[in-house]
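Protein chains: 4
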Amino acid sequence: MNKIRVGVVGLGRLGFTHAENITSTKNASLIAVCSHSEEELKKAKEKLGVTNCFTDIKKMVETIDLDAVILVSPSNFHAEQSIYCLKKGLHVFCEKPLATTIDACKEVEKIVAENPSKVFMLGFMRRYDPSYLYAKKCIDEGKIGRPILFRGYSVDPNSAIEGALKYAAHSPGQFIDMAVHDFDLARWFLKAEPTSIYAIGGCYLHQEYKQYDDGDNVSALLKFENEAMAFIFAGRTATHGYNVETEIVGTHATLRIGSVPQKNLVEILDKEGVRKECSQSFNERFDVAFKNEIQEFIACIVEERYPEISAHDGTQASYIAEMATESFKNNILINL
Amino acid sequence: MNKIRVGVVGLGRLGFTHAENITSTKNASLIAVCSHSEEELKKAKEKLGVTNCFTDIKKMVETIDLDAVILVSPSNFHAEQSIYCLKKGLHVFCEKPLATTIDACKEVEKIVAENPSKVFMLGFMRRYDPSYLYAKKCIDEGKIGRPILFRGYSVDPNSAIEGALKYAAHSPGQFIDMAVHDFDLARWFLKAEPTSIYAIGGCYLHQEYKQYDDGDNVSALLKFENEAMAFIFAGRTATHGYNVETEIVGTHATLRIGSVPQKNLVEILDKEGVRKECSQSFNERFDVAFKNEIQEFIACIVEERYPEISAHDGTQASYIAEMATESFKNNILINL
Amino acid sequence: MNKIRVGVVGLGRLGFTHAENITSTKNASLIAVCSHSEEELKKAKEKLGVTNCFTDIKKMVETIDLDAVILVSPSNFHAEQSIYCLKKGLHVFCEKPLATTIDACKEVEKIVAENPSKVFMLGFMRRYDPSYLYAKKCIDEGKIGRPILFRGYSVDPNSAIEGALKYAAHSPGQFIDMAVHDFDLARWFLKAEPTSIYAIGGCYLHQEYKQYDDGDNVSALLKFENEAMAFIFAGRTATHGYNVETEIVGTHATLRIGSVPQKNLVEILDKEGVRKECSQSFNERFDVAFKNEIQEFIACIVEERYPEISAHDGTQASYIAEMATESFKNNILINL
Amino acid sequence: MNKIRVGVVGLGRLGFTHAENITSTKNASLIAVCSHSEEELKKAKEKLGVTNCFTDIKKMVETIDLDAVILVSPSNFHAEQSIYCLKKGLHVFCEKPLATTIDACKEVEKIVAENPSKVFMLGFMRRYDPSYLYAKKCIDEGKIGRPILFRGYSVDPNSAIEGALKYAAHSPGQFIDMAVHDFDLARWFLKAEPTSIYAIGGCYLHQEYKQYDDGDNVSALLKFENEAMAFIFAGRTATHGYNVETEIVGTHATLRIGSVPQKNLVEILDKEGVRKECSQSFNERFDVAFKNEIQEFIACIVEERYPEISAHDGTQASYIAEMATESFKNNILINL
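Residue numbers (the working numbering), protein chains in the order written: chain D, 2 to 337; chain B, 2 to 337; chain W, 2 to 337; chain A, 2 to 337.
Treat the hints with care, as some may be off.
For each label pair, taking beta carbons as the anchor points, the in silico distance ranges come out as [as the list claims (entries may be wrong)]:
{"no.": "1", "chain 1": "A", "residue 1": "64", "chain 2": "D", "residue 2": "57", "range": "48 to 58 Å"}
{"no.": "2", "chain 1": "D", "residue 1": "193", "chain 2": "B", "residue 2": "90", "range": "19 to 29 Å"}
{"no.": "3", "chain 1": "D", "residue 1": "141", "chain 2": "A", "residue 2": "209", "range": "33 to 43 Å"}
{"no.": "4", "chain 1": "W", "residue 1": "212", "chain 2": "D", "residue 2": "14", "range": "39 to 49 Å"}
List time: in silico DSSO-like cross-link candidates among lysine-lysine, alpha-carbon distance up to 27 Å [stated by the list, open to error]:
{"no.": "5", "chain 1": "B", "residue 1": "272", "chain 2": "W", "residue 2": "330"}
{"no.": "6", "chain 1": "D", "residue 1": "4", "chain 2": "D", "residue 2": "107"}
{"no.": "7", "chain 1": "A", "residue 1": "60", "chain 2": "A", "residue 2": "119"}
{"no.": "8", "chain 1": "W", "residue 1": "330", "chain 2": "A", "residue 2": "192"}
{"no.": "9", "chain 1": "D", "residue 1": "44", "chain 2": "A", "residue 2": "4"}
{"no.": "10", "chain 1": "B", "residue 1": "27", "chain 2": "W", "residue 2": "46"}
{"no.": "11", "chain 1": "W", "residue 1": "272", "chain 2": "B", "residue 2": "144"}
{"no.": "12", "chain 1": "A", "residue 1": "48", "chain 2": "D", "residue 2": "4"}
{"no.": "13", "chain 1": "B", "residue 1": "88", "chain 2": "B", "residue 2": "60"}
{"no.": "14", "chain 1": "A", "residue 1": "138", "chain 2": "A", "residue 2": "292"}
{"no.": "15", "chain 1": "B", "residue 1": "144", "chain 2": "D", "residue 2": "277"}
{"no.": "16", "chain 1": "D", "residue 1": "272", "chain 2": "B", "residue 2": "144"}
{"no.": "17", "chain 1": "D", "residue 1": "277", "chain 2": "B", "residue 2": "137"}
{"no.": "18", "chain 1": "A", "residue 1": "272", "chain 2": "B", "residue 2": "277"}
{"no.": "19", "chain 1": "B", "residue 1": "138", "chain 2": "W", "residue 2": "48"}
{"no.": "20", "chain 1": "B", "residue 1": "43", "chain 2": "D", "residue 2": "211"}
{"no.": "21", "chain 1": "B", "residue 1": "43", "chain 2": "B", "residue 2": "59"}
{"no.": "22", "chain 1": "D", "residue 1": "107", "chain 2": "D", "residue 2": "272"}
{"no.": "23", "chain 1": "D", "residue 1": "277", "chain 2": "D", "residue 2": "137"}
{"no.": "24", "chain 1": "B", "residue 1": "272", "chain 2": "W", "residue 2": "144"}
{"no.": "25", "chain 1": "B", "residue 1": "292", "chain 2": "B", "residue 2": "119"}
{"no.": "26", "chain 1": "B", "residue 1": "138", "chain 2": "B", "residue 2": "88"}
{"no.": "27", "chain 1": "W", "residue 1": "60", "chain 2": "W", "residue 2": "88"}
{"no.": "28", "chain 1": "A", "residue 1": "211", "chain 2": "W", "residue 2": "144"}
{"no.": "29", "chain 1": "D", "residue 1": "277", "chain 2": "B", "residue 2": "277"}
{"no.": "30", "chain 1": "A", "residue 1": "144", "chain 2": "W", "residue 2": "272"}
{"no.": "31", "chain 1": "W", "residue 1": "111", "chain 2": "W", "residue 2": "59"}
{"no.": "32", "chain 1": "D", "residue 1": "211", "chain 2": "B", "residue 2": "192"}
{"no.": "33", "chain 1": "B", "residue 1": "272", "chain 2": "B", "residue 2": "292"}
{"no.": "34", "chain 1": "W", "residue 1": "88", "chain 2": "B", "residue 2": "138"}
{"no.": "35", "chain 1": "B", "residue 1": "46", "chain 2": "W", "residue 2": "4"}
The following residues of chain W were derived to be distant from chain D, with all beta-carbon distances above 10 Å [said to hold, decoys possible]:
{"no.": "36", "residue": "15"}
{"no.": "37", "residue": "47"}
{"no.": "38", "residue": "59"}
{"no.": "39", "residue": "66"}
{"no.": "40", "residue": "117"}
Because the hints were derived from the structure by calculation, they are not lab data.
C-beta atoms are modelled at their ideal positions from N, C-alpha and C, and glycine is treated no differently.
Work out the full structure, taking the sequences as your base and the hints as a guide.
Listed below in structure tokens is the structure:
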């Protein structure tokens, strides 16, 4: 079998990870990379041995014979590049969010529907983390009974705030940037759509977010059509690590995922007490999930099937995030 | 020094505990008990050696020379009995809630203010639990920085549902019955009053609550005047035990209290995995807190000082609970 | 019923605790105290309201009408004082160890046997800790199956080393001072006597112990007559707290007690990771156990029954500790 | 660069894992496999796409152009096959133990020394587990101070007992089969050799081991030349999972690795309490370690350097295991 020829667009921290993961994925070859940064291209050339380096996605797609692209560009390019690549006959893996407006999300959905022979996958990597997969299996087997409450935390370590603040002016806000994963997980675990949302938040440590009508920590309460509740908390000021924690309370059992975001199985007993050190970044915490999702993308192409996550999932998560932002900015309850 | 002479009104599970705790409290004597149940009075006589047994509080107060009463009667009697006893010149320890209406709460507040020589204390026992006290100390010392989020869970084990359902017709609802402790804790830890509240919930296991316009699990999202957020979850269907869990996320650190409601320090490794068994009731979990609060009540009387918890705290917690109930019943956002 | 009139001998940290616990024990009165320290006597007078203060045990016993004594004097007085008090017709609670030589232990056993109407109890308080009691119940009910391995850790925090070093010249060694509790627990849980022992150790931090042919950390491996194994570790250099941890591995399940010696139910998430702070002393960890054992002592007197722990248990624990010391000092395997 | 051409000998559970890992290892190609089982060869052909299949190692080595072999054959073939392959000019990765006699171990050491251009690596995979690597780094950086005690548990789940019993007649005993990893870890962490050993054990559940003068659970206490102590426990009857747990107590801090052998980050709250499910096999627990060690083997070949684990490490671990077995069988203390 010929290997799937892959091009990666965007070589930031996550872009490089995806590119690297392609090199150890069965049935895939890293053929080309694209970035505005000469430094990143140089690094990819040296570390990953890729020779086809571009600064323009169109040039890459037109020059090189590719089967698939992985889009890890800034959020505002996701929709446009997805549409372009799908139309050029490429399979597309797109990082979250699907787009920065709901209209753009729906446009992507439309193009995906028009190209049924192409695999389109969205980077909600948590769905491919072994612990989340295990929890999903438990839920689907009925082990927790009827779901009552979904609780999702997504908090970045404060040590990463400098980068976040630099990007803040162009950010669609914490709900879309950080909480979109939780909106997706809530829909996945609860198997329902929300019917109401109320969101609040504030600038507890970084007043810089005020000028963008945003907070450094925000939260939302949602009700779903099946009566299930969801509480989402997202922020940027955790001191212990990269805090992604999920809980699903059911009538038979409750599951908690990552309530201690431990970096490994070492427990330290010293003058601070008995403690576990924590993961400090998404790369560290979701290392395996990132590998798994790329393998699933390639496997879908090879086996001619669709991934579980559809473009519509992307639209819905973005829509909820947008409504949360709206609720937060205007202090209003929104019935969806 | 003469011992403080105490009468206990109501001898249900918690009433008996309070009566028993009086017998081992320094400077206090259990002099009389009052209950509608002959069986409970008999038990108190046999186990606690109390000989002055009454079925009518007024008869008890008028017949016996008492310094103080502990009111553990049904919620709808709290206000009336508190006022009566204060007016009779007694120190009063009253179980939560202060009253079932805000007007009644305020009436108690007024009578308390008119009797400055009498100690009035409300049974928010969590404030006297060693773990909660330790957390409060950490917060007051600035160790968590600025508070961002308070999260409070109060879930009874489903094994206790029969008793709860029997009482449901007379219950003011889960927010007042269960969540009132969390509303008090949120005010205590956050040192602020809420400015908005949105509450939801449903009948996930016990449809019986529908007829009372209540749910078996409910939750609320609150914003406070200092920008802090609070998420409260209360319910009646926990399978693992009596689940009282509190988290305070701050800009410097996060504290979690009781995230594993372990019954003791034993860890079991067997075919279920590595596990801890859980406390099954408030008596088991808050054993020490109940002792501590009664000791504090007596100490306040002896040392002629006021307890930290004021009648006003009771009014506020009840008010928030009432607003949460209102929000839940009408699916509206309430700005306070 | 008349209250049991109790005198406490020795008012160090633990002596004061026992005296204080008597004041809140049903059916008991603290009548007299005895100590060589005027300061300690003064503290007892002020804090516990005891007026009969002595510096000589004999004077106390002869002057005051007592029913029972609690002996918390230095180890080398235990046997002599126990015998004296038993012969004077008093019930005796004696702190561990029973005596500093096996001959003295046996002499106490003899006098105890000759005074069957008197309660004699030894202060192996761990047997009265709720977690240990729960584990014992599980074992007795067959829940762990056949016991394979007992592991016992008893390590004092290094912060307490100064006091320990002061006392080192008169200490019978770590096995008798520290590990005797574990030898007792091993016999209790395994329901068997050891048949062989090999002990090692060293001075890892405090070379001062070398001059006494002792170590600051020591350990022993034992085989029991029912084939069960035991590993005991005792030391004085823990940095995280007072580390008393016990494990019983069985064919059906394994139990661990106190593997995190947490001081309360608060979990802290900060730059050190996710952690629990630890108990720093035996008083803090075994607070409830100390209360329980004194209550049991008084209850035995009142109900005219014997406590579970016999003088013979004290002899056996001391004997094993002595053999461990012997093995350690000579690097030999000892078959018992 | 040409890829390292690898042949795998032995395709049992671990052999297949190694073969599979070669297929995703940078700079390596799986060229040939060798097994006595037609079924295993068929599986390798189908799943891994390897076409050169042999039932005889010599035929494989003589027919196919290989750079390296991975030996996962039964323990009694390790030494002979290692020597044969080294002499044929191949790099060798050999599963533990190095050999079943110390003489054979030393013979391998000699041949390894005579072939300095060939990489020889032993499969002590725990040294390549991220948690063990992290602990080692902490120790080497002095974070735990001076090591006092090493505690190592290696217990297989009882669910795997059938396979173990089948193999029991040919087994050199639990110390060599199970505990050899811990003897290696103890040397690695403590950086010293043992000077005395005493070992005990028994048949607690499976009397079948009696006929082989072995136990189903065994333990050993060791003293090292630097005064450090080690307690090793190995067995075959765990009910909660594959229990590999390691503790290193130091004067500054204590490290614990895998004290809860959790299969993932999911915590379950249900009628059993709050629990984590456990890994059930070495493949599950050491998945990453197995990948890492194979990558290190290939990297050593490519970069012309030696792995950290030497043949001498294999000899020493086997020697200690043999002395433990000797001590266990004769109930004697052995000074090394």
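For each hint, the structure was consulted:
Judged by the Cβ atoms, the range 48 to 58 Å given for residue 64 of chain A and residue 57 of chain D holds: they are separated by roughly 51 Å. Checked against the hint of 19 to 29 Å, the pair residue 193 of chain D and residue 90 of chain B fails, with Cβ atoms roughly 58 Å apart. Under the hint 33 to 43 Å, the C-beta atoms of residue 141 of chain D and residue 209 of chain A, about 41 Å apart, fit the expected range. Between residue 212 of chain W and residue 14 of chain D the beta carbon distance is about 59 Å. The supplied range of 39 to 49 Å is therefore violated.
For the given pair, residue 272 of chain B sits about 42 Å from residue 330 of chain W by alpha-carbon distance, which is inconsistent with the 27 Å threshold. Distance hint between residue 4 of chain D and residue 107 of chain D is unfulfilled; the C-alpha atoms sit about 32 Å from each other, more than 27 Å. Between the alpha carbons of residue 60 of chain A and residue 119 of chain A the distance comes to roughly 21 Å, so the proposed pair stays at or under 27 Å and holds. At roughly 25 Å between alpha-carbon atoms, residue 330 of chain W and residue 192 of chain A fall within 27 Å of each other, so this suggested pair holds.
Proximity of residue 44 of chain D to residue 4 of chain A is assessed by CA-CA distance (about 23 Å); at most 27 Å being required, the pair is judged to hold. Distance check on the hinted pair: residue 27 of chain B and residue 46 of chain W sit about 16 Å apart at the alpha-carbon level, within 27 Å; holds. A C-alpha spacing of about 12 Å is found between residue 272 of chain W and residue 144 of chain B, which places the hinted pair at or below 27 Å, so the restraint holds. Restraint check for residue 48 of chain A and residue 4 of chain D: satisfied, since their Cα atoms lie roughly 17 Å apart, inside the 27 Å limit.
Restraint check for residue 88 of chain B and residue 60 of chain B: satisfied, since their Cα atoms lie roughly 15 Å apart, inside the 27 Å limit. Only pairs whose Cα atoms come within 27 Å are accepted, and residue 138 of chain A paired with residue 292 of chain A is accepted, the gap being roughly 20 Å. For the suggested pair residue 144 of chain B and residue 277 of chain D, the alpha carbons sit about 19 Å apart, so the restraint of at most 27 Å is met. Between residue 272 of chain D and residue 144 of chain B, the direct Cα distance comes to roughly 17 Å. Compliance with the 27 Å bound is thereby established for this hinted pair.
As the CA atoms of residue 277 of chain D and residue 137 of chain B are separated by approximately 23 Å, the hinted pair is consistent with the 27 Å bound. For the given pair, residue 272 of chain A sits about 11 Å from residue 277 of chain B by alpha-carbon distance, which is consistent with the 27 Å threshold. Simply put, residue 138 of chain B and residue 48 of chain W have alpha-carbon atoms about 26 Å apart, close enough for the 27 Å limit, and the pair holds. This hinted pair does not check out: residue 43 of chain B and residue 211 of chain D have alpha carbons roughly 65 Å apart, beyond 27 Å.
As the CA atoms of residue 43 of chain B and residue 59 of chain B are separated by approximately 20 Å, the hinted pair is consistent with the 27 Å bound. Proximity of residue 107 of chain D to residue 272 of chain D is assessed by CA-CA distance (about 55 Å); at most 27 Å being required, the pair is judged violated. A threshold of 27 Å between alpha carbons decides the hint, and for residue 277 of chain D with residue 137 of chain D the separation of about 26 Å falls inside it, so the pair holds. In summary, the hint linking residue 272 of chain B to residue 144 of chain W is supported, as the alpha carbons are separated by about 12 Å, within the 27 Å threshold.
As the CA atoms of residue 292 of chain B and residue 119 of chain B are separated by approximately 21 Å, the hinted pair is consistent with the 27 Å bound. Among the hinted pairs, residue 138 of chain B with residue 88 of chain B is inconsistent with the structure: their alpha-carbon atoms are about 35 Å apart, more than 27 Å. Proposed proximity of residue 60 of chain W and residue 88 of chain W is supported: the alpha carbons are some 15 Å apart, at most 27 Å. Restraint check: the Cα-Cα separation between residue 211 of chain A and residue 144 of chain W comes to about 25 Å, which is no more than 27 Å; the hinted pair holds.
Straight-line distance between C-alpha atoms of residue 277 of chain D and residue 277 of chain B comes to about 19 Å, which keeps the hinted pair within the 27 Å bound. Taking the CA atoms of residue 144 of chain A and residue 272 of chain W, the gap is near 17 Å; set against the 27 Å cutoff, the hint holds. Taking the CA atoms of residue 111 of chain W and residue 59 of chain W, the gap is about 21 Å. The hint holds against a cut of 27 Å. Restraint check for residue 211 of chain D and residue 192 of chain B: the C-alpha separation of about 23 Å stays at or below 27 Å, so the hint holds.
Note on residue 272 of chain B and residue 292 of chain B: the hinted pairing is violated, with a Cα-Cα distance of about 37 Å set against a maximum of 27 Å. Under the criterion of a C-alpha separation no larger than 27 Å, the hint pairing residue 88 of chain W with residue 138 of chain B is inconsistent with the structure, at around 51 Å. Proximity of residue 46 of chain B to residue 4 of chain W is assessed by CA-CA distance (about 19 Å); at most 27 Å being required, the pair is judged to hold. The claim that residue 15 of chain W is not at the interface with chain D holds, since no C-beta of that chain comes within 10 Å of its own (minimum 25 Å).
The beta carbon of residue 47 of chain W sits about 34 Å from the closest Cβ of chain D, which is more than 10 Å, so the claim that it is off the interface holds. Even its closest Cβ contact with chain D, about 46 Å, leaves residue 59 of chain W beyond 10 Å, as expected for a residue assigned away from the interface. With a cut of 10 Å on Cβ distances, residue 66 of chain W stays outside the contact zone with chain D, its closest approach being about 49 Å. Residue placement check: residue 117 of chain W keeps its beta carbon more than 10 Å from all beta carbons of chain D (closest about 47 Å).
Going through the hint list in order, the structure does not satisfy hints 2, 4, 5, 6, 20, 22, 26, 33 and 34.
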